[in-house]
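Engineer: Turn these sequences into a full structure, and let the hints steer you where they fit.
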Amino acid sequence: MNVNNFRKTIESVTPKGDLSWYIKWIASVFIIIGMMLTSLDVSLYPINLFFHLAGVSGWFVVGMLWHDRSLIVVNGIAMTIFLMGIIKHFFGGAY
Numbered sequence: 001m002n003v004n005n006f007r008k009t010i011e012s013v014t015p016k017g018d019l020s021w022y023i024k025w026i027a028s029v030f031i032i033i034g035m036m037l038t039s040l041d042v043s044l045y046p047i048n049l050f051f052h053l054a055g056v057s058g059w060f061v062v063g064m065l066w067h068d069r070s071l072i073v074v075n076g077i078a079m080t081i082f083l084m085g086i087i088k089h090f091f092g093g094a095y
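Each residue of the sequence shown is one higher than the one before, counting from 1 in the working numbering.
I should point out that these hints are in silico values taken from the structure, not numbers from a laboratory.
In this text the structure is predicted, and so the values were computed from the model without any measurement.
Heads up, some of the hints might be wrong.
Quick list of the computed label-pair ranges, beta carbon to beta carbon [stated by the list, open to error]:
id : residue 1 : residue 2 : range
1  : L83       : T9        : 38 to 46 Å
2  : V29       : G76       : 18 to 26 Å
3  : I86       : T14       : 28 to 36 Å
4  : F90       : T38       : 12 to 20 Å
Positions of the beta carbon are idealized from the N, C-alpha and C atoms, including for glycine.
Structural biologist: Here it is in structure tokens:
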């Protein structure tokens, strides 16, 4: 396999420079920050949930823009899970 063939096999096929490109990278940064806050057990709970919620909401929007059902389903469920945790924290589980 020469280098040109290898380059073709790993070339990105997702849109670049459009609205979805910006949303997916910003959302990814939010998810990474949320994971760092969670794994470091920083006593800023539930701020980590808000970062995760912002990130998965962004990816949900990307799924809608791309008409990608798997992104819509996974991130829609993740949004619900993080919202349940936020509601539980502020309202004592009244959901």
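Engineer: Confirm or reject the claim that I86 and T14 have a C-beta distance inside 28 to 36 Å.
Structural biologist: 30 Å, holds
Engineer: Range hint 12 to 20 Å: satisfied by the CB atoms of F90 and T38?
Structural biologist: 18 Å, holds
Engineer: Is 38 to 46 Å a correct range for the gap between the Cβ atoms of L83 and T9?
Structural biologist: At 40 Å between Cβs, range holds.
Engineer: Taking the Cβ atom of V29 and the Cβ atom of G76, is their distance within the range 18 to 26 Å?
Structural biologist: Taking Cβ atoms as reference, V29 and G76 lie about 21 Å apart, which means the hint holds.
When held up to the earlier numbered hints, the structure conflicts with none and fits them all.
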